[in-house]
Amino acid sequence: MAHKWGMAVDLDRCTGCEACVVACRAENNVPTAGEDQAARERVIHWIRVERYWEGEFPDARLKFRPVLCQQCDAAPCEAVCPTYASYHNQEGLNGQIYNRCIGTRYCANACPYTVRFFNFYNPVWDKPLHLQLNPDVSVREVGIMEKCTFCVQRIKAAEIEAATDKRGLKDGDFTTACAQSCPPKALVFGDLNDPTSEVSRLARSRRATLLLGELGTLPKVSYLEQDSWHSEND
Amino acid sequence: MERRDFFKISAITGAAATLDACGKPEQQLIRFIPDEDLVPGIATWKPSVCTLCPAGCGLTVRVMQGDAEVVRNGKLGLIRMGLAKKLEGNPQHPVNRGKLCARGQAGLQITYNPDRVRHPLKRLGARGSGEFQEISWDDAVKELVSQLSTLGQKNEAGSVAFLTRPLHGQRRTLVEVFLKAFGAPAPVSYELFDEAVLRRANLLSFGHAQLPTLDLARARYVLSFGADFLGTWNSPVAQAIGYGEFRQGRPGLRGKFVQVEPRLSQTGANADEWIPARMGSEGMLALSLAHVILNQKLRPSSPGHAASLISGWAQGLPDYAPEKAEKLTDVPAAKIVELAQEAASHEPAVGVVGGAPLAQANGLATAIAVNALNELLGSVDSPGGIFFTAAPPFAAGTKLPEPPERSQGRFGALNAVLQEILLDRPHSPKVLLLHDVNPVFAAPPDAHVQAAVEKVPFIASFGSFVDETSVLADLILPDHSPLESWLDDVPESGLLAAVATVAPPALYALYNTRAMPDVLLDVAHQLGGNVSASLPWKTYDEMLQAAFADVEKKAGAKSGDIWKKAQADGWWSSGEGSAASGKSRLSTSGTPSHGAVTMSEPQFDGALEEYPFSFLPFASTMLYDGSLAHLPWMQETPDPLSTAMWGSWVEINPRSAERLGIRQGDLVEVTSQHGKLQAPALLSPGIAPGVVAMPVGQGHGNFGRYAGHRGANPVSILAAAVEPETGALAWAATRVKISRVGEGKLILFAGGMRENAAEDENR
Amino acid sequence: MKSVDQINHDLLRPVVHTSGRFWLVFVILGSVVLAAVGAFAYQFWEGIGVWGINRPVFWAFAITNFVFWIGISHAGTLISAILRLANATWRRPVTRCAEVITVFALMIGGMFPIIHLGRPWLFFWLVPYPSERQIWPQFRSPLAWDFFAIGTYLTGSIIFLLLPIIPDWALVRDKTSGWRHGLYRVVSLGWRGTPRQWHRLETAMHIMAVAIIPVAVSVHTIVSWDFAMAPVPMWHSTIFGPYFVAGAIFSGIAGLILAMAFLRKLLHLEEYLLPIHFDNLGKLLLMMSLLWFYFVFAERLTTWYGNEPAEMAVFWVTQRGSFAPLFWTMVFCNFLIPFPLLAISRIRRTITGVVIASSTVVVGMWLERFLIIVPSLSHKYLPYTYGHYRPTWVEITILVGTFAAIGLLYMLFAKFVPIISIWELKAGGHQKPAARAAEAVSARTSPMGAKELELRPES
Amino acid sequence: MRARKFRHSALILASTGLASLAVLGALASRGSEGAVSPPQVDASQVFTPAHRTALDAVREFFLRHPVPVQPIAYTHKVHLANGMQCVNCHTGVDTGPDAQLPSIKLCMMCHQAIATDKPEIKKMAAYYERGEDVTWQRVYNYYPSAHVKFNHAPHIRAGVDCKVCHGDMTQATVAERVVNMNMGFCLDCHKQRKVSIDCTTCHF
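Protein chains in written order, with my numbering: chain A, 1 to 234; chain B, 1 to 763; chain C, 1 to 459; chain D, 1 to 204.
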C-alpha cells in the first residue's frame, strides 16, 4: 500500500521552544533574510510556532501552535498553479517543484495557512556560512515559491535505503527534522496508512482536531488540543 | 550588513552556483590534497558535546564531504574535507536523548561564522580600536611565554589573572593545575546568570553545591518559582523531555503545572496557572504554602535539614499565614490555601526555584525556603521530585562535594579582581588571560570592568571572536570552534546516572586556530620547571585519556576500554545512581553548619517614588545571555512570546503603557540610577503592571556583523547589587522609570496581529 | 449636415498633418513610459523584492493594474458592439474611439500577468506546447484560463477594430501621396468599395459584433475567478463574476468618455463629438454606477450578515481599519460624486460634468480592484499571519507608466487612422448601409461619391 | 508607381535581412562561448545562487553547458583498457548519490612508478610536489536551477550501464559531455523501465 505521510502535533506537549524552527532551517537550507527584509515581512520559516494571547493580566494565557504545511489532500494551492509546480504526489505530499515554478505566487494566496514562502531576492550566505548548506536539499533562487516538504529528501533516502536491503519502510525508520529535534515529543511524523504507526494512533485521539478543517482542505497534520487540568477532588 | 550590495550580484535567471562549486571561479583556485578520504554525498555521524550552556547535551554531528576555501602556507585554495552540516541530539546520550534545543542546533554557526578570528592577532592601534595584525603562532606563544616568565622571574607569579567562562571537565582541571603550578590565583569564571545562590542553598540544605535534577516525567504537581526550566534554566532539553511525559506520557494522568513569576516566561506560558507574585516575594509564598500545609497537617511534618535552617519553621511559620503573605506577595490568601492543598494532595509534587527570585538580596533564603517546601512535600531524592546527580570517579576535576568556588558568587569573585586592579593593590594582575568571557558586556556599569581591564599591562585572549572584552586584548590566540576541538563534560544535572562525556573533533580546523588547552600545555612546557612537570601531556587528548585511565582503574575496566567506548558513543556512565532506582546518593552529611536563615524583604536599588518599575532582565530564549547574539539563525528566530526578531524590546503591561502614553513599537527610554537605554516598547498582557522586562542578549558594541550595534543591553543599567552571602549578582533588584521618546523599530514575525486586536476593540 | 469635403478635411487632418504640440505630448508621454520600462528592467534584474509585496500580501499593484486595465478594455468593444447591434445612430463617431481603447487597454492589462511573475522570463510555460519536458500547463488553474480568455479577446477586438477601418484607410490612401500613400495602399488591402466588399464587410462586422459580446463577458468573469476560485476571505464569492463585469463596463465607459473628451480638444472634433454623445454615455455611466453600488452593497451586506469570522476581519479592516480611508474614497469616487453629477440632467448635458464624473470613477475603480486584493490577502484565516502593505517607487512608476502608455498608443493610433469612422459618419448622414451598398453597385460609388474616382491616379 | 512599389519591397527586404543577421550573430556568439573562464580567485564574500553575469544567465537559459578544460589530459581509454573499472576511481558511485572525482593521492599510487616519463604524468607529479590536488572539472552536472537531486546508486543497482548516460568511455580519451541529459532523456528511460516519473523522484 502506498504511504500517506502525516504528522500529529500534541499541543499539550509543545512548550514553544522553537527547536523545530531551527532544525528546519538547518535541514532545508532556509535562507536568512536579514534585518531589513525581516522588517518587510519577508522572513522564511517553513515551520513556525504561532502564539495567541487569551485574556488580560493577571488571567492572561498563551497558546502555542506549531504551524507547517498541512500537506492537504484537497490542497487549494495545487489546482491554482498554472505550471504543476505545486502538485499532489502518490504519497499524498504537496510537491513543490522549484524548477517548474514561475512565481505567480497564486498558491501562496490560495493557501489558508499562509505556509508558503517566496524568494523575493536571491538568498545570500556570508561565507563561510554556506558550508553548512545541506547538499541533499536545493538552494532556492529568486522568484521561487518554497514551503515545508515533510523533509522529502529524508523520505527519498529512506525509501532508497529500504529498497537496497529489499524491505518496506517501517514506522520510525526516519522522521522529519522538526519532529526529530522536538524535546517534549510534541511533533510525531509517520505513515497514516499504517494503522499501527504512532501518528495514526495519535490522529485517532479524542483530542485530535484539524486546523481550519472546516475549509475542507483535508490536512494531513492533526492537532491534539490541550487538556485542561482538573483535580479528582472536583 | 550591506544586503543591497549582495543583491547587486544577482542576475537574470539567478541560479548558477552549485553546492559542489562546479564551473564556478572557485573551481579555478588551486586545490590542496585532502587529509581524509570520504565517500561523496554520504553523511557520517560523529558524536560531540554542546558547550553553549552548562547542561552538557550530547550531539551527533552530520558530516559530509564538501569543498572549503582555506589558506595553506600562504596560498588560498580549496580543500575537499568533511564539513559539519547539522547538529542533532545524540540519541543515546542520557541528558538529551536525541533531542536538541534551538540554541544547540544553531551552534553550527559558530564554526562557520564569518566573523571568527582566523589566525593569531597582535594589537596594532590603541586598545579598543580593534586594529590587529596577523602574527604566527610561534610568535604569539613566545609573546605570552615571555610575559609570564618575566613575571615569574620578578616572582610576581601571583599577579596573573585567568578570566574565563565557567569551565567544565578536564578543561577546568587543566587551567586550575596550570595556574596553581605557576603560582597564580585560581581562575575567575564569570557569567551573568549565575547559579551560585541555588548551589549554596543546595549545599546548605542537602550537601551538594549542585543544580538539582528534576524528575518531571514522574511528577504530578509542579510549582515553579521563576524557573524557566523549559527555556534557559538548568538542563532545558532534559526538562522539556520530562515535561512532555508529565503532560501526556501517562495515560489518564496529566500533571498540573503552576508558575510563579511577575512576567510570563516561555515556561510560564505553558503553565496551567500563572501566579504573578510580587518580585522577590517568591520565597515568602513558598513559606506561606508550607505554613498552610503544616497548619492543616496536610503532610507529616518531618523537618528536614533545609527546614531546620528556616527560622520560625518549628513554630509553624506564624509570620507567613496566608493573610499576612497576601500583603507581602499580592497573591490572594484563598489562592495560597488552594495551592497548598493541591500541592499536598497530589503526590509527587515538586517545587522548583531558579532565575530572578534568586537574583535578589533575599535569594538564598528564597532558595532554602523552596528546598524546605520540597522536604515537606517529600519530594527530595524521590521519584517525581529533585535529585542530585553523582559525578563519575575522575581523579582530578569535578569531584564531589563540589569545589567551594562553585557556590561562590561569580560576580563577587570578578569584582574582587577588578577592585585589586582599580585600587592598584600589590600583586594586582599584570597579565590578564581571557577565555570566552565577556564581562564588559555582562557586568553592571558600576563594576567598571572596562576601566579595570584597560589598566592591565598585558592582556591575552583565547576567544574566537572579537567582542567588547577581547577587543581590549594585546594578543588574541584564537581557540578552535567547539566542533573542531576535543570536548569533554560532566553533566551536573538533567540525568540520574553519573556520566562523563567526551568527543574527539568532529571536523578538521578550518582556519589557523589552536585549541586553548593545547596552547596552554604548549606554554606550560615552554615555561618549563614546575608548570611543565605538573602538566606532562603534550596535547589535551592525552590529558583526557589519562583522566579516563584513572576512571578505568577505579572501575576495574581494561585500560583503554572506557576511553574508546566513551569516544565512540560520545559518553560513558559509571552507572552510579540509576534511573531505575530513582535514587541518587543523597546525604546531608556534607552540609556545612549554618545559622538560621531569616526571610527578608527584597531590597531594590532606586526609590519607588522616582523609579516606579521593577526592572526584570531575562535570559533570551534564542540569544541566551548574549553569548549567542552573533548567530544569524538565533537573530532571525522569533522570540516565542513576542515574536520579535533582530533586536531587543521593553516588555510592559498595556495598562501601565496607556498611563504613560506609550504605544506598541514606540521608542522608550528606560532609566535607572546607573544609566539609561532606549528600545522599542512591546505591550504584553503577560507582565505585571509594576514591572518592565527586557531580554538580555542584544546591545553588543563589538561582536561581529550580526550582533554588533543592535538593540540595547539591559545589563548596562543594572545596579551592582549582590546577594550578601554568596556575592552573586542580584540582577533582578533594580528599579527603573520609563518614558516615551519617539518612534521605535520593532520587528515582529507576527507583525500584523496588533492591528486586528485594535479592531476587535473597535467593534 | 456637413459636406463630404468638410468631413474628409476635418477627420483626415490629424492623419496627414502633424503639429508641434503632438511632438511635445509625444515626448512627455514617451519619457514616462520609458521610466516605467526602466523600473521593470530594474525589477527584472534585482528580483521582485523591489516591490512592496511581502508575505502574506503576495499580490498588490501588478494584479490591481491587470484587473483595472482589463476592466477598462470593456469600454470599447462591448459598447460599440451593443450600439452597433442596437443600431443606435448616435454611436457612429464614438465606436472607433471605444474599440481602440479596448485593444490598447487589453495589451497593457495583458502584460501584467507576465510582469508580476517571480521569473518573467519563463512566462511561455503558460503556453501549451509540446516540449522535451513532456509536461503541459495545468488547465485547472484560472491563470491558464486567463491566458486563453485574454488571447481570444485581444484577437477578437483587433479584428473588430480593423474591419471598419479598411474603407477609411482606402480613403486616406486616395487622399494622400508619397510614402503615406504607399503605406495605406498596403494596409487597405486593396479596398475598392465594390458591393461584394461592402457586403462582406457588413456581414463580418455583424458576426464579430455578436461574437465579441459573450467573449467580453467571459473574459472579465474569468478574471474575477482568479480571485473567486481561491479560498480567501471575501474572495471566495459567487457574486464576483457579474460584479467584475459590471465594474469593468463601468470603468470602461468612464475611460471612453475621458478619451473622447481629450480627442475632442486635441483634434478639434467639437463638431463631431457632440454633447449628445457625452450625454448618452453619461446615462450609461449613471446606470452602471447604480449597478456597481448595488453589487457592493449586496457583497458587503451578505458578508456582514453572515458574520463569518475570517471574512469579518477583512470586512472591518476595510470599513474601519487601516484600509477604511481608501474604501470610503472609493465609495465617493464611484457613487457619491458621480451619481448627482450624472443624475441631474443639466449637469450631465455639460461635457465638463460628465468628464469630472468619469475621472472620479476611473480613480474609484482602480481603488476598488486594490481593495478587493490587498485587504483580503493581508487578513487571511490565521491572525498570526496578518500583514501590511506599502507600495514602492517601482510599483508606482509602473502604474503611472500604464496611463502614459495608453495615452501614447492612442495618440499614435490617431496619427495613422482617422479616429472617427469617416464612412460610417457619412453613411449616417445618408441612408442605411444595406441600401447604400445596393446603390453602390450601379454607380460603383462608395459613400464618398464620385470625387473619389477623380482622385484616383490610375483612372 | 512601380518605382514606389519597388522601394517598399526593398525596404521590407532590408529590414528582414537585418533582423535575421542579428539573430545569426546572436547564435554565433553563443556558439563561440564554451571554454570556462581563466583561473581567478572568487572575490565575492557571499555565496548566492545568483548568476555572476547576464551572459551566464542567458547561457543557462538556453541550457548550454560550459565545455570543461581538464588540467591534465587524462585518457579513460588507456586506463579502462588496462582493466580498471569506473568505480576504482569514481568511488561511491555504487553506494551513494555522487561519483567521486579521484584525489591525486589515488593517481600517485600507481604513477609513482608507472609511466613517470610521460609529460602529462610529469605535470601531475609537479602538482603532487607542490602539495596540490588536480583541479578536475566536472563534466556532467545539472544546472542548479534544474533542482535535480540525482542519485547514482539506485540506477547502478537497477543495472543501468554507465555508458547509457556517460557514453562509451572505453573509446573516450578526455571525458566530454557526449550525452545530453535533459528531462526528456531521463523520462524516456524511466517510462521505458516503468519506474516512477513522479516529480519529487528527482526534483526537491
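Derived from the structure by calculation, the hints contain no laboratory data.
Check before you lean on any hint, since a few could be wrong.
[To be verified] Below are the DSS-like pairs computed for lysine-lysine, each with C-alpha atoms no more than 25 Å apart in a straight line:
| # | chain 1 | residue 1 | chain 2 | residue 2 |
| --- | --- | --- | --- | --- |
| 1 | B | Lys75 | D | Lys105 |
| 2 | B | Lys553 | B | Lys538 |
| 3 | D | Lys191 | B | Lys75 |
| 4 | B | Lys564 | A | Lys156 |
| 5 | D | Lys123 | D | Lys105 |
| 6 | B | Lys75 | D | Lys194 |
| 7 | A | Lys63 | B | Lys46 |
| 8 | A | Lys166 | D | Lys105 |
| 9 | A | Lys127 | B | Lys327 |
| 10 | A | Lys127 | B | Lys75 |
| 11 | D | Lys191 | A | Lys4 |
| 12 | A | Lys4 | D | Lys123 |
| 13 | B | Lys327 | B | Lys297 |
| 14 | D | Lys191 | A | Lys156 |
| 15 | A | Lys166 | D | Lys118 |
| 16 | A | Lys185 | B | Lys46 |
| 17 | B | Lys46 | B | Lys745 |
| 18 | D | Lys77 | D | Lys118 |
| 19 | A | Lys185 | A | Lys63 |
| 20 | A | Lys4 | A | Lys185 |
| 21 | A | Lys166 | A | Lys4 |
| 22 | D | Lys194 | A | Lys156 |
Quantities reported herein were computed from a predicted structural model and do not represent experimental measurements.
Do the hints match the structure? See the list:
The hinted pair formed by B:Lys75 and D:Lys105 meets the criterion: a straight-line CA distance of about 20 Å does not exceed 25 Å. Under the criterion of a C-alpha separation no larger than 25 Å, the hint pairing B:Lys553 with B:Lys538 is consistent with the structure, at around 22 Å. For the hint pairing D:Lys191 with B:Lys75, the CA-to-CA distance comes to about 50 Å; that exceeds 25 Å, so the pair is violated. Taking the CA atoms of B:Lys564 and A:Lys156, the gap is about 34 Å. The hint is violated against a cut of 25 Å.
Among the hinted pairs, D:Lys123 with D:Lys105 is consistent with the structure: their alpha-carbon atoms are about 14 Å apart, no more than 25 Å. Distance restraint check for B:Lys75 and D:Lys194: the Cα-Cα separation of roughly 51 Å exceeds the 25 Å cut-off, and the hinted pair is therefore not satisfied. At most 25 Å may separate the alpha-carbon atoms for a hinted pair to count; A:Lys63 and B:Lys46 exceed this at roughly 37 Å. Note on A:Lys166 and D:Lys105: the hinted pairing is violated, with a Cα-Cα distance of about 36 Å set against a maximum of 25 Å.
Straight-line distance between C-alpha atoms of A:Lys127 and B:Lys327 comes to about 58 Å, which puts the hinted pair past the 25 Å bound. The hinted pair formed by A:Lys127 and B:Lys75 meets the criterion: a straight-line CA distance of about 18 Å does not exceed 25 Å. The suggested pairing of D:Lys191 with A:Lys4 holds, with an alpha-carbon distance near 24 Å, which does not exceed 25 Å. Our distance criterion of 25 Å between C-alpha atoms is broken by A:Lys4 and D:Lys123, whose separation comes to about 56 Å.
For the given pair, B:Lys327 sits about 24 Å from B:Lys297 by alpha-carbon distance, which is consistent with the 25 Å threshold. Of the pairs offered as hints, the one joining D:Lys191 and A:Lys156 holds, with about 19 Å between alpha carbons and a cut-off of 25 Å not exceeded. Distance check on the hinted pair: A:Lys166 and D:Lys118 sit about 48 Å apart at the alpha-carbon level, beyond 25 Å; violated. Between A:Lys185 and B:Lys46, the direct Cα distance comes to roughly 23 Å. Compliance with the 25 Å bound is thereby established for this hinted pair.
The straight-line distance between the Cα atoms of B:Lys46 and B:Lys745 is roughly 42 Å, outside the 25 Å bound, and the hint therefore fails. Restraint check for D:Lys77 and D:Lys118: satisfied, since their Cα atoms lie roughly 16 Å apart, inside the 25 Å limit. Pair hint A:Lys185 plus A:Lys63 holds up; C-alpha atoms about 17 Å apart against a cutoff of 25 Å. Proposed proximity of A:Lys4 and A:Lys185 is supported: the alpha carbons are some 21 Å apart, at most 25 Å.
Straight-line distance between C-alpha atoms of A:Lys166 and A:Lys4 comes to about 20 Å, which keeps the hinted pair within the 25 Å bound. Taking the CA atoms of D:Lys194 and A:Lys156, the gap is near 18 Å; set against the 25 Å cutoff, the hint holds.
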